[in-house]
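Asks: Here's the letter readout for the chains.
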Amino acid sequence: MTVRNPSSVTRPRSDTERILDQSFLWLTRLLAYAIAAVLLAIAFQVLVQSLPAIQRFGVGFIFSQDWDPVKESYGALPMIYGTLVSALIALLLAVPIGVGIAVFLSENFLPLQVRTVLVFLVELLAAIPSVVYGLWGIFVLIPILRGFGVWLFENFGWFPLFSTQPSGPGMLPAGVILTIMILPIITAISRDSLASLPPELRQASIGLGATRWETIIRVLIPAAFSGIVGAVMLALGRAMGETMAVTMLIGNANTVNVSLLAPGNTIASLLANQFAEASGLQVAALMYAGLILFVLTFIVNIFAELVILKVKKF
Amino acid sequence: MNPQDRPSHSVGSPKAASATPVLETRNLNIYYGSFLAVREVSMSIPNNQVTAFIGPSGCGKSTLLRCFNRLNDLIETFRVEGDLNYHGQNLYAPKVDAVDVRRRIGMVFQKPNPFPKSIYENVVYGARVNGYKGDLDELVERSLTQAALWDEVKDKLKTSGLALSGGQQQRLCIARTIAVQPEVVLMDEPCASLDPISTLKIEELMHELKQQYTIVIVTHNMQQASRVSDVTAFFNVRLTDTGKRSGYLVEHDRTENIFQNPKEESTQEYVSGRFG
Amino acid sequence: MALTSPEISPPVIDSLERKNSFRSLFDIVMTVVVAVFLAIALVPLIAVIAYVIIQGGSRISLDLFTQLPPPPMVDGGGFANAIVGTLIMVGLAALISVPIGILIAIYLSEFSPPSVARAIRFATNVLNGVPSIIVGVFAYGLIVLTFKTFSALAGGIALSVLMLPIVIRTSDEALQIVPPDVRWASVGLGASDYQTVLRVVVPAALPAIVTGVTLAVARASGETAPLIFTALFTQFWPQGLLEPTPSLAVLVYNFAGVPFKNQQELAWAASLLLVLLVLITSVIARFATRRKIY
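Going down the list, the protein sequences come from chains V, E and D.
Take 1 as the starting number for the first sequence in our numbering and just add one per residue.
Take 1 as the starting number for the second sequence in our numbering and just add one per residue.
Take 1 as the starting number for the third sequence in our numbering and just add one per residue.
Chain V with its partners taken away, still in its complex shape (with noise of 0.2 angstroms):
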């Protein structure tokens, strides 16, 4: 009955080729989870690292400001401080701007080739590497702000902020080097999220008889808004965990100073310090500042992404 040729290319699958399907999804599978278990892995090592100091210094830590290798006295407060503070200084700066861009670049202000071009060059400044910013910083960026600190203590002493002589590093050269840093994270998400909107809510408040920017304040930044925070967030973590151009240009003094002038510090900034010459228990109390700052980080980032998660479901 069937004309089928006897020297047939279809032949019924071996064991093998099923063996091999089979094994070919498992290990991808298998490798898939292990992300999760690489993210359990960082905690718990740096956990158990830490252990040490945390027996020792236990919840003390976070309040003391002692960061003393010869009398083993630590304490992580003014790192703490300084880690908020910068990334404080960084939204500050970085959040209207980046928003500002955002909307620039994702309305119809430009041609479209032009804005492009211009998206593309904000995403470059997320591409510098970290330690070249630190090296501009250091010879361009503190010359330049010295002169503004300098303005800022001799007018405005009086108030806390500027209340010390600039010395060149310090918090106010490490908070803008941020606000360049975390720039493109802002930009790019908060204009995915007004990007997306749909053009009839546009739409419908220009035909209301509203002008563009009503329309962009009224009604698109409050419908992109869980995007726009979305991506405040992102920052706020990337800038607490930021390392290189920090270190290189907060002074790295461990010591609380209210005035953004004065040098600081950062929980980064101390690990990449004092990572390579420490022992004993100044390794466990450098873990035991790790793990603070991944706990914060982690947080801000699980908050960050469930709310992105949320706005992509449109």
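To be clear, the hints were calculated from the coordinates, so they are not data collected in a lab.
If the Cβ cut is set under 10 angstroms, some of the chain D residues that face chain V in the computed set are:
| id | residue |
| --- | --- |
| 1 | 137 |
| 2 | 164 |
| 3 | 229 |
| 4 | 279 |
A short list of chain E residues far from chain V (calculated; beta carbon distances all over 10 angstroms):
| id | residue |
| --- | --- |
| 5 | 34 |
| 6 | 36 |
| 7 | 49 |
| 8 | 62 |
| 9 | 79 |
| 10 | 86 |
| 11 | 91 |
| 12 | 163 |
| 13 | 245 |
Every residue, glycine too, gets a C-beta built ideally from N, C-alpha and C.
For chain V, the structure is supplied; the task is to place chains E and D on it using the hints.
Replies: Structure of chains E and D alone, referenced to chain V:
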């Protein structure tokens, strides 16, 4: 009309289709999740003939076709109830290897979908995944000749399959399918995106191919069904209680009977163009 | 405006336009403000690139690529050892993260149920957000403490953890763009899952995957934080995978802080190399992804 009280003559093999059935369904229900997409299909596909599935959109004819080589397995919520037999063997039995099924029952899709590879590589792909040890050059020439494409492409076998025209791409896809020498070739509206001349070529091709293969074709075009098929199955759609569309088989018979002397009124209405 | 050209705008329209002068002024002001913001953002980009090119470009010579870093107060020299060290560690990182990353992406886009894929993509994003210095701490605990030495292995592993999320994400996106009917065609011909994926889907997505991997490699080359206390640095040639190993990025960090002009120049020159690497790969990636894959 209500499928429950349709006459029982559509169950089983049509008298006129004398050849032994290759594929046979009995009370086949197709679900997506809890939604019954196609209900209670009982029919058989005769050997070395062209069977056409016709019917309005949403009647489940493509869904049914994709069951025949278990391509619906790729859809998460898909499941079937009832029997779907290939030479008496249930295709959905737990121990059946879907990959094996697809090697025997090939598929040509609505939109030509050559791989982004050369013409040659497109044709030998199936042979390669099958670990074929024979002469690939010969296989390519034979398959492309069968698909009536050889003369047009024999000098440019190394160029990309995507560089061909739409009609040529579809014939390449047919060549690719018959290169694995399946027993059955399923065609899901193979001419839907082609111009009339390419369509004609593929219809002529089907006449040639049925000497060697059993062909099942889904088509929207009733003229095409009457031109190419020996047996025609008419599917219709009705609204369920929840307002969803559910497909069912109205009747299937020799093509000339369906078009000239259908048993069901709805078939008469459809083939005469009064609805659908 | 329209008063001077009444033949274009009828007076009725004109009167409507004129009433809202405050609102249109606000529009103009805001537009200018955001344009200025954009300029503010681009100034550092241009300034950094310009400085690196001017300062580093003047030091570019063949010596950089053949000689070792000089001791303080000595002129000349280069950073050939750091180039080799960076190549070793980034190569090691790529060797680990590229195959693993692509396989994970294959699972995500081809095999996984949607809910699992969502969870793993989420974990990948969170991993991407872990500070690079923490990844360095991880590698320090995992490798440096185990082998009791700073090493290229530790540096390479730290870099691979940083590259992994980027490779996964770009490969995942690249695979998802491959049209489903190409998969059906292959499956319909009786290909197994792994055959469909490796012979059809991955080749179709390959240009985009290569682009993503190139970007990941370029970014990893400039990473410093995970290397300073895993690979450390040396003035000499790399001795082996379990020895301290120099890198361009750590060289920039070390030499930026010293008061010797020659070392500072080397730091600028190394920066130029790193910046050129990311700039060139970014531009190429830009054009490569613009080209239609299908």
